[in-house]
Amino acid sequence: MTPLAAYLMVAAILFAIGLAGALTRRNAILVLIGIELMLNAANLNLVAFWHYGPNPGALTGMMFAIFSIAVAAAEAAVGLGLVISIYRHTRTTDLDQINRMKG
Amino acid sequence: MIEKLDQIFLLLRTWLVGFLPARWQAAAGVVLGVVAIIGTYPALFALGTVMERKGLGRMQNRLGPNRVGPFGILQPVADGIKALVKEDVIPSRADKAVHFLAPLLLVVVVFMGFAVLPMGRNMVLVDLDAGLLFFFAMGASTELSVFMAGWSSRNKYSLLGAMRAIAQMISYEVVLLMSSLAVVMISGTLSLPDIVDKQNRYTYGLPHWYAFTPWGFAGLVMFSIAAMAETNRSPFDLPEGESELVAGYFTEYSGFKFALFFLGEYVGMFSIAGLGATLFLGGWTAPFEFLTWVPSWMWFFGKLMVAMCIFIWIRGTLPRLRQDQLMNFAWKFVLPMTLLNLLVAALWRFLGHGWLRWVICWVIVLGAYVLMAQIGMRKRNLGPRRYRYAE
Amino acid sequence: MTVSIPFYILSAITLLGGLAAVTLRNTVHCALALTAAFAGLAMLFLQLDAQFAGFAQILIYIGAVAILVVFAILLTRNAELEATSVFSRTWIAGLAIAAAVFTVLGWAIMQTASRLPEAWPTPQVTVRDIGNALMSRYILPLEIVALLLTAALIGAVIVAMHEKEGTK
Amino acid sequence: MLMQEAGAPFNPQFADGPLFTIVNLLWLIPALPMLAAGLSALLKQPRRKLSSSLAVGSLSISLLLSLIAFGHVLSAWSAGAPTREVVNLTWLQFGSTNVDLGWVLDPLSAVMLVMVSFVGLLIFIYSTGYMEHDENYTRFFCFLSLFAGAMLGVVISNSILLLFMCWEIVGLTSYLLIGFWYHKPSAAAAAKKAFVTTRVGDIFFLLGIVWLFAQTSTLLFYNSGAGSLEPNALQRLLAQPAALGLTAAGAIGLLIFAGAAGKSGQLPLHVWLPDAMEGPTPVSALIHAATMVAAGVYLIARVYPLMQAGALTGGSTASLTVVTWVGASTALFAALIAVAQDDIKRILAYSTVSQLGYMMAGLGMGGVAVGMFHLITHAFFKALLFMGAGSVIHGCHEEQDIRNMGGLKSDMPWTFATYAAGMLALTGVPIFAGFWSKDGILEAASHWGVAKTPYYILVLGALLTAFYMTRQVSYVFFGNSRSQGHAQESPRVMLAPLVILAIFAVTLGFLGTPAWPWFQAFLNSTPTSVDFARFGEAGLLPLMLTSSLVVLAGIGLGWWLYGSKSPAANDPDALEKSAKPAWIVLRNKFYIDELYGATLVAFFWFWARVADWLDRHIWGGIVALVSALFNAFARFNRFLDANWVDGGFDKGCEELYSGGGLLARVQNGRVQTYLRLLALAVVVLAAILLIWGGRA
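Protein chains in written order, with the working numbering: chain A, 98 to 200; chain B, 104 to 494; chain C, 3 to 170; chain D, 5 to 700.
Careful: at least some of the hints might be erroneous.
Stated by the list, open to error - Facing chain A, from chain C, some residues (calculated, C-beta under 8 Å):
(1) P8
(2) L36
(3) A74
(4) A100
(5) G108
(6) D131
(7) G133
Keep in mind the hints are simulated off the structure, nothing from the lab. For each residue, glycine too, the CB sits at the ideal point set by N, CA and C.
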């Protein structure tokens, strides 16, 4: 198994874990955590491809990863802010009870 | 001879490592460095505690510890023994694992920060290309341990203290970063040894320390403010304000863990002071050209000690801030100033040499300071506290 | 060329951390496990000679995002669902879907594993290179990210702000 | 994608030489006022001083640059060097076709630049005084500078697309400025009218542009041989036949002329211009006298090569003939209407229309130089007249009806003197500016090969011009005062521009006398010299003599009817006494508005009504029918289930309900469900990709 494949596999597992968390947990914050994990898996992919790619001198993959880290920070801030404000309205973060998002 | 004295530690290491087979030498060297660091700073910590207690005592018109050993210099030993033998109390409803991990994590990350600090000529454990970033990464990780400590010991005071500490640390971490960015902008590198080398030049026998440039001076001032806040030192010691929350986030810690926390805080002070010295005060370089014969590491640790004295002095002098004052100060005064300082650094970089850039940069820095102070005073964000008495 | 020992350790840390982060019952433990996963990832980045990315990962994720998460957890306290299960009622479906995603991904990797490069040049990038790249080629994305971060900052404050009281 | 954009350098192919020649900086001239507009748009209402100084300052810098550019061209001309320089840059690129923008500096644009920025600057200064008490001061100056910038853009643009953009901005600003006092319904209506009417022309203009682009596949006028106004493109256009025996060149020329006619109020589309006087007077002066209406004329002058291409009978082409006829008839027509108006600004507006007709006719018959010369002189003295009118209105407390004025020559001496100068220039009294320019047009008309009629029309127009201007002046300034309340002289800041403009109105004509046709030579970039012998050319002196006689006759007539005796405010007009029906017709502007109202508007109104009716009855009926059907069905249903299949029906209902529940579970408002569906879709897509697309 080549190193790249190994990294990709780790990323895939991490992604799956994150997805599972996002899909199964009831607490909104934990869903966000799952999403963060998924993002990080993607970052790992990017960096791995950058490292094992034909010309790492171009820095593309790593730049992409760095940018996505920055964006993830923003995403986390806004997401958690939303969770908190939702919590203020409906005194819960249980997604099974927050089901107002329908037509 | 002088060179030997200057490089004595390195020579020592190579000599020691020499006993080992070749393929272990590199690893052994690193291990030795680590051991040296882990050995040195606790000793400094012990020295610091007694210094602080005596100094504070003098400032408060007391004697301070003077029983154990001559002038009580053996006090820290006694303290250590006491801490070791003391019973380690863990609250019943506490989260055992986290409660246990918190101090360890703190100490570990704090010590890791030293890995990139150049403590003398060629005396740096790992010369990372992104050393400064590494240092800040480690610094950022301390917040986590603080939170763990505060949260795990199911205690109102601890949690409040942790919250305060984290809020304060995050706010001032931004300032810390921004004020060091100016240095990075000018020196064009993130590796601390390079930064020191860049400052290791003399004209008229005076060094090219960044602290002597307008932006550097402003940066140093703001850096020290932020450093005090980062390490929860007075006047920013709200997180462990005895009068308000018993002892902040390590209220529930006792015995050795408490000692660990204490150690962690102190060593954190050392490391951040070392960073400040490296960034602005030319690290291990001598303050005057004719003093360059003094071993470089002496200068480094000397600067460290001076910084400690200043810390103690300020702690003995200034009263504690209020939380809102703290936050306002961070976000509405220091941060804008650091941003402006970045601008000034850019000007400095592009105005070329000559007297003009000195004038312009000084004017901008001082003018901005005065202006913002005026505004702050008028808006009463930073002004003196107005007491309201119950009629 | 097989993979090294540190890789196994680090990926183990990462994956276990992630697993714990999504399975543990106590939300704060989840957050702490998450930070463990982040740390493992950062070290994996270091393994991949991506120093800058790794340290940025620590600085941002452990220093900021994790703290943010625990803050959010503490602010939305008493939402402790001690009695009921922490998983949603239809967790089986979610799990199944996640498994399906993983199978697809793994299948894809396995199919292409043979075509992946074997030997590679170890990249030599200094932070200076990254800085130059950021300032020259990626200047526009940089600006945009800066804008985005500013917007997110303001947005988060406004969203989470009480009507009367100040920021969170 | 971003990366490439970041990487792609922006390098317009600048003219040779250092980067900071005036040619390469030409774009600054329109850019500065636009910038000022943007800034003052951000200003708060009370920052009046700042906004006005922004506008004036930026425009004065533009004026400076324009003068430099003018000097540049001038030196090039006197040195015998080529006088046209262009800077082109590619704006967009779709595959092989480029959308190019660019600017051109040649005598034409240089002259226009100086004129527009100079007159504009004077009017800005004037309006700082005039609008002093308006609470929307900043907005006003924002619009003004936006207008100035757009106008300058029209002037310098070397790409018909850029020209069209600026053209539209000009239209927009004119809309905004006419409707500046939008709380007045009349003003709002006038603004709408102006906008819509000019749109009509602009549609044709746009069609012309598209056609031109389709034929020549370039948007640039001049591009070192590849431009659309350069010989080989014109050859192609001529070779290309269009409908009605027109060449493509002719057809495109006509389309563009339609746009020009809309903008500068030629005959069918002139209706908006008089109503535009609802706007503040400086606006009328700037937009509807000096610059914007001239844009149409300028456009024709700019695309003149296209118009002229393939000259047919008598050195004229179809499009030029059309231009001539439209211009001439507009000149006469508007002059006739102007005779019977009472609003001081309306009279000037109609005279503007008629003068624009003169310019068009001049372009059509005499070429660029003749028309442009009249444009320039007219810009000066008409701006002068409008601002004089503004100062009169200001002095008479917003009174606009000339019958309620009178005897102002003693009250406002400065205004009177300057106004008189402008009036004499407009009527074309010898040695005044208007004389020379109008004379040039008349001369061109007299030599026109196609027909003589335009000549007579224009002469008659000159007579009428003299007549109505005399009427107005004698109503306003002579006789005994009919105004209630004492009129007072306007502030100095308003008078200074008047004086400056008056000086120009008197002297500007000497740039283009037959003896020394400097202006014409400059525009055609041919050398010239002073030579009084040219007066001796065949038919020149008699022509000048006739025109001046005509003018004097007009003035005399006007004076005899109005000046000598001072009529009271309410007694009927002298003409009304003599020739009532004609008066009525003129008074109502030949009922053009009514005509449009009766035809076009009514037409659309009718169709609107039809559609409404259809909605109400046909479609509505159908809907009602359907609903009724369903209603009946439902009743039947209820009947059935009430009597027969009650249980079964309930069962069915439950089935349906549960089915609905099943479907509804898909959208149960839980985020995670949505997330799940998303992930599922991803899985499916990825699987598909791997199975079928993976091999590719």
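Hints the structure fails to honour: 1, 7
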